[in-house]
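J.: We have chain A already, so just place chain B on it with the hints.
Protein chains in written order, with full-length UniProt numbering: chain A, 1 to 530; chain B, 1 to 212.
Heads up, a few of these hints could be off.
Interface residues of chain A toward chain B, partial, derived using beta-carbon atoms under 10 Å [to be verified]: (1) Thr37; (2) Ile432; (3) Gly436; (4) Gln479.
Calculated pairs, BS3-like style, for lysine-lysine (alpha carbon to alpha carbon, straight line, at most 30 Å) [to be verified]: (5) B:Lys104 - B:Lys205; (6) B:Lys40 - A:Lys357; (7) A:Lys357 - B:Lys52.
By construction, these hints were calculated from the structure, which means they are not laboratory data.
Idealized CB from N, CA, C, for every residue including glycine.
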Amino acid sequence: MLTLPHRPVRIALSITLALAIAGLIIAVLWAILAAATDTATPSRVDIPHLLRMTSIQAGLTTIFSLAVGMALAWSLNRLRFPGRDLVVGLFSAAIVTPGMVVAFGLLSIWGRNGWINEASKAIFGFPLGNPAFGLSGILLAHVILDGAFAARILLARLDAIPASRLKVGQSLALSTSQRFRLIDWPAMRTSLPGLGAIIFLLAFTSFPIVLLLGGGPANQTLEVAIYSAVRLDFDLVGAVRLALTQIGVCAIVILLASASTNVIAPPHGGSTTPLWRDGAFARALQWLVLALSTIGFVLPLLSVLIDGVTGGFGRVLVQPTFWWAFGTSMIIGSASAALTLVLALALCLGRSASSGKALRTLLGTPSFAYLAVPAVVLSLGFFLLIRNLGLAPERAAPFVVIVANSLLALPFAVATLGPPLDAIAHARGKLIRSLGLSGWQQFWSVEYPLLGKDIGLMLALAFCFSLGDLGVIALFGTQDFQTLPLMMFRALGAYRGNDAAAIAAILLIGTILAFVGLPRLFERIAHARG
Amino acid sequence: MLEAEHLVFAHPGQSTSYDFSFTAEPGEVTAISGPSGSGKSTLFDLVAGFLKPESGTLALDGQNLIHMLPETRPVSLLLQADNLFDHLSAEDNVALGLSRGTHKAEARRRIADVLRQMGLSALAHQRAATLSGGQKQRVALARTLLRDRPVLLLDEPFSALDDDTRRSIRTLVRDLTVRQCWHTILVSHHADDIAALASRRYQLKDGVLASA
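With the rest of the complex left out, here is chain A:
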């Protein structure tokens, strides 16, 4: 069928960009591989131990996050109450909440001098312990973030169950367990392998949470070990070997995940569920799951805000270094979000104009570079590449951080913009062609007004990822070039907890404002234009 508008310029631009991104990634990998051949220098890294620890941590995170995500999605799908949309929106924000902020919040709640232990000392006269450090702390932080992410994806699947299927089930008087087994489970099951793979990768490549809560070498992961090897031990060969191990494992997981369905983009379809309530016991269980999950997710974030505002807010705000770091974070965040938008739009517009499966795959592949080459590894590659080119790392740092952050946000940006652009091309392709609209007319009159909210969401995702990034800046940051997360990390290392609390609160506020505000702002701008 010739129903897709004929857009050779879009496709050519998209192919050029995809090849350029692929070329950049290959150059980065080549720099890493070239450094790995330097076998004369001895290395002390214990790869089997690190691989074992990282896999155990990521595996347990995946299992717990999927379990929590399914329970929470099931509860949210059934319950109707005032403020439900706010709660769902809150869990949606998990994907952009900086890991550092959650880790800091956990320390504030469960740490040695945290809320729980202080309360225990006051009531029982002794502390309850310190589960925020070590493997338990890492798992807790990961499950808070990834469980909420899983819940949001799975809730979209449950909400998309056709009303007719629910009507049939209701008329057959299915029990709660029958309903779950026959209707809910089949809807969620297809997403679980892909979702599990993504959560495994997110946990496998997690950096700030392990750095803050790891509590020593016993719980160190590959990503943190790479950072330690470069910045603390100056063991470049060790870092390169770790990076290759990391890339190898990630590539295997991606290959396995690629066989399953796409889970990042939520399916279309609203919450059209007819009113079909479960029994009293099931409803009590759903309320319990919802209450525990909300408290588990909100409490650490609330503690960050309270500690920040009551702690070092005033002290931090008068420091020139804070405003310097704040400005740097804003500029880096805005620039990488803008770059991500340009890259994602160019790739998605070309992809939506292509009908061939091979071409669509080619245009989709480079955007997933991040999943194969995680933040610290990508930074290491850029670091080596810049050194090989004879450039000064401190001069190239701002550009590298912007480009690296854009590449890291690209898979999520493509997953946000790609499906609606594909849908427009397929649903309206005949009309657009028959009217003979130019590519610019198609974008300006049809695509842009309809994409307003998606563009805002994509910009918010990219901005928030960049705002909370520690993996890239950790390798390139200097005293003169630091962002808020790096400043917070340094404040923690210098035992300036109040300063760290204030910065964490500012990061959280910035993230919430961007995530809530940008989609609305762009929807309004696009509609005003349309």
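T.: The following block gives chain B in isolation, referenced to the frame of chain A:
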């Protein structure tokens, strides 16, 4: 005159093969009817250019259209629904019918003119999503009028309308066809629409058109 001669087409993986021949005169409505699955949509897509025939010719006043892309064919479409972009105003939807490079003042004048002709001036700034089914079809016809392509393809354009609106839109189509000398082709299985509009009729059966 629009003339199709042995437009042969088969969908990949399907055994049915189509062989279409018909003629349509300017200023007349030519109706093509047939049961569901008989190939009406295939014929529609072949004339609009969304499908390429394996062989045959489709010519307008002697000019072969077969190798022309859908966007360059002298054809306008009016479908049962989704003719408009819901997020745009009636005026902006109509404006899409203007040829590129039309001067702004000229564009404004022509848009206002067709909207007035179609009785839509009061709705010019209203979003398409808020218009009724009949108003939407009127806006789509206003755009068609602005484009003024010699062939108008109608695919069940009255199906979603109530009886009164249906009658008024049918009258509008017939009047415009005569006034603009369009070669209007109506693809439909509604006998009353065909009876009210068509000067020439074809029946689709077993993948072949026959005069009715």
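J.: All hints, please: hold or fail.
T.: Hints and how they fare:
1. Thr37: violated (51 Å)
2. Ile432: Interface hint status for Ile432 (chain A): holds (8 Å vs cutoff 10 Å).
3. Gly436: holds (4 Å)
4. Gln479: This interface hint is violated because 50 Å lies over the 10 Å limit.
5. B:Lys104 - B:Lys205: violated (49 Å)
6. B:Lys40 - A:Lys357: holds (29 Å)
7. A:Lys357 - B:Lys52: Distance ~20 Å between Lys357 (chain A) and Lys52 (chain B) Cα, so the pair holds.
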